[in-house]
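Chains as they are written, first to last, in our numbering: chain Z, 953 to 1068; chain H, 6 to 116.
No lab work stands behind these hints, which were simulated from the structure alone.
Among the clues, some could well be false.
[As the list claims (entries may be wrong)] Distance condition first, Cα-Cα at most 25 Å in a straight line; then the derived PhoX-like pairs of lysine-lysine: (1) K115/H / K993/Z; (2) K993/Z / K86/H; (3) K86/H / K62/H; (4) K86/H / K73/H; (5) K81/H / K115/H.
Every value quoted in this text rests on a predicted model; they were computed, and no experiment measured them.
Residues per chain are reported as follows:
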Amino acid sequence: GAVVSQHPSWVICKSGTSVKIECRSLDFQATTMFWYRQFPKQSLMLMATSNEGSKATYEQGVEKDKFLINHASLTLSTLTVTSAHPEDSSFYICSARGTANTYEQYFGPGTRLTVT
Amino acid sequence: GQNIDQPTEMTATEGAIVQINCTYQTSGFNGLFWYQQHAGEAPTFLSYNVLDGLEEKGRFSSFLSRSKGYSYLLLKELQMKDSASYLCAVRDNNAGNMLTFGGGTRLMVKP
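Let the sequences and hints guide you as you build the complete structure.
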């Protein structure tokens, strides 16, 4: 089956620093990648949709200058949380949708971000 | 926009059957997904319905009624490992086939 990886799986950073999270599709090409955020005991909230080679589309209420998304290739998308604050602490999950099959999104294992 | 509702929590007994309901409102329905998510892990795909009826896959079944905007996930022969959150998600072809998730149902299976 299709595999999506994320790196790192968890990260602790100090307030004011930036953190980059990578999302890779390992065995398929992903034209579209999605970034979600999930707070404890809540469901996944879509942050943005990124298509390879074009600018990401951000959901309402998500600051594009704070959450920088780059989808430079068909197998890699990155999310950079700039000037992180404790309220940015969350579980960040990416998913990828392949070119051959738009039926299903394949989820990465998630990245736990803690900002101190 | 979309509105997806599912119960927040449910409790069931090991070996029993549990049904988790999901209702939705969407302008361009193009499929409904059920995912299982254990705490601290990413969601894993369980089922997909785009036509009315029941899809059975082992101990798990999912039902869809498009006219009623209703789906349910049926879990049979519950096991302790089934304790998890179950997420209903709807795909909207008026939104680039993007998935929108319901709030999730936390299922606790007790011995």
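Numbers of unmet hints, in rising order: 4
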